[in-house]
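Peer 1: Those sequence lines, one after another, are chains D and V. Heads up: take any position in the first sequence, counting from 1, add 20, and you land on the numbering used here. Heads up: take any position in the second sequence, counting from 1, add 33, and you land on the numbering used here.
Keep in mind that the hints were calculated from the coordinates and are not lab data. Please read all numbers here as calculations on a predicted model, not as lab measurements. Be aware that a few hints might be false.
Stretches of chain D that chain V covers, calculated by requiring three or more beta carbons in the stretch to come under 8 Å of a beta carbon on chain V [stated by the list, open to error]:
1) 25-37
2) 122-129
Each computed DSSO-like pair below joins lysine-lysine, with the alpha-carbon atoms no more than 30 Å apart [what the hints assert, rightly or not]:
3) D/Lys130 x V/Lys212
4) D/Lys82 x D/Lys40
5) D/Lys130 x V/Lys201
6) D/Lys40 x V/Lys195
7) V/Lys212 x D/Lys40
8) D/Lys82 x V/Lys205
9) V/Lys198 x D/Lys40
10) V/Lys242 x D/Lys130
11) V/Lys205 x D/Lys40
12) V/Lys205 x D/Lys56
13) D/Lys130 x V/Lys195
14) D/Lys40 x V/Lys201
15) D/Lys40 x D/Lys56
16) D/Lys82 x V/Lys212
17) D/Lys130 x V/Lys205
18) V/Lys198 x D/Lys130
19) D/Lys24 x V/Lys201
20) V/Lys242 x V/Lys264
21) D/Lys56 x V/Lys212
22) D/Lys24 x D/Lys82
Backbone N, C-alpha and C define an ideal beta-carbon position, used for all residues, glycine too.
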Amino acid sequence: MRKKRILIIDDEEDFTSTLKVSLEGTGQYEVREENKGSRGLLTAKEFQPDLIILDIIMPDIKGGDVARQIKEDPSVKNIPIVFVTAILYESEEGIIGNYPFIAKPVTLEKLIQIIEGNLPNESN
Amino acid sequence: MGSAVSALVTIPVVVTAYILGLRGGIIAGFVSIPLNTILYNITDNSSWDVIFQQERFPGMLAILLLSLLVGRMRDLEMLSQYELNQRRDAEKSLKRTHSNLQRAHNDLIATQTQLIQAEKLESVGTLAAGVAHEVKNPLSTIQLGLDFLSHQFPITDEDINKVLKNMKNAVKRADAIAKELLEFSAMRKIHMKTVQINRVIEQSLSLVKHELLKNNVTLVKELSPNLPKTKLDQNKISQVFVNLFLNACHAMPYGGTLTVSTSLKSINEDKTLSRYIKNGLFKPGDMILYTEVIDTGTGIPEEIITRIFDPFFTTKPTGQGTGLGLSVTKKIIELHEATIDITNREEGGVRTLLLLKPI
Numbered sequence: 021m022r023k024k025r026i027l028i029i030d031d032e033e034d035f036t037s038t039l040k041v042s043l044e045g046t047g048q049y050e051v052r053e054e055n056k057g058s059r060g061l062l063t064a065k066e067f068q069p070d071l072i073i074l075d076i077i078m079p080d081i082k083g084g085d086v087a088r089q090i091k092e093d094p095s096v097k098n099i100p101i102v103f104v105t106a107i108l109y110e111s112e113e114g115i116i117g118n119y120p121f122i123a124k125p126v127t128l129e130k131l132i133q134i135i136e137g138n139l140p141n142e143s144n
Numbered sequence: 034m035g036s037a038v039s040a041l042v043t044i045p046v047v048v049t050a051y052i053l054g055l056r057g058g059i060i061a062g063f064v065s066i067p068l069n070t071i072l073y074n075i076t077d078n079s080s081w082d083v084i085f086q087q088e089r090f091p092g093m094l095a096i097l098l099l100s101l102l103v104g105r106m107r108d109l110e111m112l113s114q115y116e117l118n119q120r121r122d123a124e125k126s127l128k129r130t131h132s133n134l135q136r137a138h139n140d141l142i143a144t145q146t147q148l149i150q151a152e153k154l155e156s157v158g159t160l161a162a163g164v165a166h167e168v169k170n171p172l173s174t175i176q177l178g179l180d181f182l183s184h185q186f187p188i189t190d191e192d193i194n195k196v197l198k199n200m201k202n203a204v205k206r207a208d209a210i211a212k213e214l215l216e217f218s219a220m221r222k223i224h225m226k227t228v229q230i231n232r233v234i235e236q237s238l239s240l241v242k243h244e245l246l247k248n249n250v251t252l253v254k255e256l257s258p259n260l261p262k263t264k265l266d267q268n269k270i271s272q273v274f275v276n277l278f279l280n281a282c283h284a285m286p287y288g289g290t291l292t293v294s295t296s297l298k299s300i301n302e303d304k305t306l307s308r309y310i311k312n313g314l315f316k317p318g319d320m321i322l323y324t325e326v327i328d329t330g331t332g333i334p335e336e337i338i339t340r341i342f343d344p345f346f347t348t349k350p351t352g353q354g355t356g357l358g359l360s361v362t363k364k365i366i367e368l369h370e371a372t373i374d375i376t377n378r379e380e381g382g383v384r385t386l387l388l389l390k391p392i
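Just chain D, with the same shape it has in the complex (with noise of 0.2 Å):
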C-alpha cells in the first residue's frame, strides 16, 4: 500500500523534524517539511501531499493567506488542509471555515487520528 504523502508547513523546524521522524516511524506515512510559508504553495505542487498540516503564525506569510493560496491553484486545490496552531487552545478546536483547526500541542494519536480522519476517500 502506498504511504500516504503529508506536507508540514511551519517555522518551527524542531517541531517539523520531530513530527516528520515521529509520523514516518509509523511506517505509513511519508512526510515533507517546509519551514518557510512562503513556499508552500511551490512545495505543494511539487509534492503532490494528500494532507497538509499548516501553521498559522510564521515570520513570512500567515498560513491563512498559505491556505488561501493553495485553494486558489487548480494543482493542490483539493487537498485538505489541516491547522495546526499554538494561537489556540483545545476548547477552541474544531471546524472553522471548512478547516480543522488543532491546538498545539497535540499529542501523537490526536494528530494521526486527525489526519486519518481528513485524508481523501482514495488514499485512505
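Since the structure of chain D is already known, use the hints to place chain V on it.
Peer 2: Relative to chain D, chain V alone:
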C-alpha cells in the same frame, strides 16, 4: 453714712461696667459723680449750693477709676473669649478642610492604583499572547517527541516509563499555564447572552464538585428564586465562579463551609453599597444582582490583600499557580461593567461580593 452711700453707688456702677465693658464703665463712672453728690446731700442734709465738697473727691474718683478698671478688664475678657471662639471656629474649619483633603487624597490614590492596575493588565495582555505562543510551540515538539519515544521501543523499564510519564505531565502543566495566558489575552472578546445567574452558579458548582468533596467542604446554597435575568458571557462568568470556588477550596484544606448566595437588592438598601454609586458603576436607585461567595478558610493576609488582583501575583508554591486567576477574574468582571470585591471577614475566611446589573 458715707460708706453706705459709696456702696450704694459703687455696686451698680461696677455691675454696669462688668456687663457693658469699658464704654459702659466710663458712662457709669461719670454718672456716679452727680449721683454720689445727690445721695451725700440727701443723707448729710448738706446745702444744695455745695455740690462738690473737697473731702468727697477721693471717694468719687475711686468709684470712677474702679468702674474704668472693671470695664477695661471686662473688655479684655470679652476679647479673649471672642478670640477663643474664633480660634475654635478656625480649628473646626481646618479639621473639615483636612478631612476633605484626606478624602480627596484617598480617592486619588485609589484612582491611581486602578490606573496602574489597568495599565499593567493591558501590557500583560499583549505580552501574554506572545508568551503563550512561544511556549506552546516548543511544548508541541516535546509532546510529540515523548509520544514518539513511548511508541518506538517496547519500554519495560519501570523507571523509564515513570520518567516519560512525568515529562508528559510537565508538558500538560506548562500547557495549562500557556492556556491561562491566552485566556487572559483574549479577555476583550465576550459573547453576551441573557441568562439566569443562578444557573451559571449551579453549572460552575458542578465543575468543582469533586474539589469540594476532596477538601471536605460543606456547600450552603442560598440562591434567591425568581431573580431577573442578566446579560453576561456565560462561559467567562462561569470561569469567574470556578476561580472563586477553587480559591475558597484551597483556603480550606481541612474542610469548612462554602456559602453561595444571590439576591436582588436596591443599591440604596445597604450603606456599604453606596460607594459603588461613587465609582460610577451604578446610579442611585439601581437594582443589583447581589452575589456573595463566603468561605470559612484561612483568609488573606492583610499585607497582600491589595495585590491579589495583580497579574502573576500568587501565594501558591512555584509551579502550582500562574497568578493569573484573580486578575483574569477581575478583567472579566470589568468587561461586564460589574464589580468584584474580596475582603476578609471578621469571623474569619473571605467574602467575595459580586454586583451585576439585572435586565
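Peer 1: Hints first: check each against the structure and report whether it holds.
Peer 2: Status of each hint after checking the structure:
Under the rule that three or more residues need a Cβ within less than 8 Å of chain V, the assignment of the stretch 25-37 of chain D holds, with 3 such residues. Residues of the stretch 122-129 of chain D with a Cβ under 8 Å from some Cβ of chain V number 7, which satisfies the need for three, so the listed coverage holds. Between D/Lys130 and V/Lys212 the CA atoms are separated by roughly 19 Å; this keeps the pair inside 30 Å, and the hint holds. Pair hint D/Lys82 plus D/Lys40 holds up; C-alpha atoms about 22 Å apart against a cutoff of 30 Å.
A C-alpha spacing of about 15 Å is found between D/Lys130 and V/Lys201, which places the hinted pair at or below 30 Å, so the restraint holds. For the proposed pair D/Lys40 and V/Lys195, the alpha carbon gap of about 26 Å is at most 30 Å, so the pair holds. A threshold of 30 Å between alpha carbons decides the hint, and for V/Lys212 with D/Lys40 the separation of about 26 Å falls inside it, so the pair holds. Distance check on the hinted pair: D/Lys82 and V/Lys205 sit about 27 Å apart at the alpha-carbon level, within 30 Å; holds.
With a C-alpha separation of about 22 Å, the suggested pair V/Lys198 and D/Lys40 falls inside the 30 Å cut-off, and the hint holds. For a cut-off of 30 Å, the pair hint linking V/Lys242 to D/Lys130 stands: about 29 Å separates their Cα positions. Between V/Lys205 and D/Lys40, the direct Cα distance comes to roughly 22 Å. Compliance with the 30 Å bound is thereby established for this hinted pair. Distance check on the hinted pair: V/Lys205 and D/Lys56 sit about 28 Å apart at the alpha-carbon level, within 30 Å; holds.
In summary, the hint linking D/Lys130 to V/Lys195 is supported, as the alpha carbons are separated by about 22 Å, within the 30 Å threshold. A C-alpha spacing of about 20 Å is found between D/Lys40 and V/Lys201, which places the hinted pair at or below 30 Å, so the restraint holds. Taken as a hint, the D/Lys40 and D/Lys56 pair is honoured in the structure, with Cα atoms around 16 Å apart against an allowance of 30 Å. A C-alpha spacing of about 22 Å is found between D/Lys82 and V/Lys212, which places the hinted pair at or below 30 Å, so the restraint holds.
The straight-line distance between the Cα atoms of D/Lys130 and V/Lys205 is roughly 15 Å, inside the 30 Å bound, and the hint therefore holds. For the suggested pair V/Lys198 and D/Lys130, the alpha carbons sit about 17 Å apart, so the restraint of at most 30 Å is met. For a cut-off of 30 Å, the pair hint linking D/Lys24 to V/Lys201 stands: about 28 Å separates their Cα positions. About 26 Å separates the Cα atoms of V/Lys242 and V/Lys264, which keeps this hinted pair within 30 Å; it holds.
In summary, the hint linking D/Lys56 to V/Lys212 is supported, as the alpha carbons are separated by about 26 Å, within the 30 Å threshold. Annotation: proposed proximity of D/Lys24 to D/Lys82 holds, straight-line Cα distance about 26 Å (limit 30 Å).
Going through the hint list in order, the structure satisfies each hint without exception.
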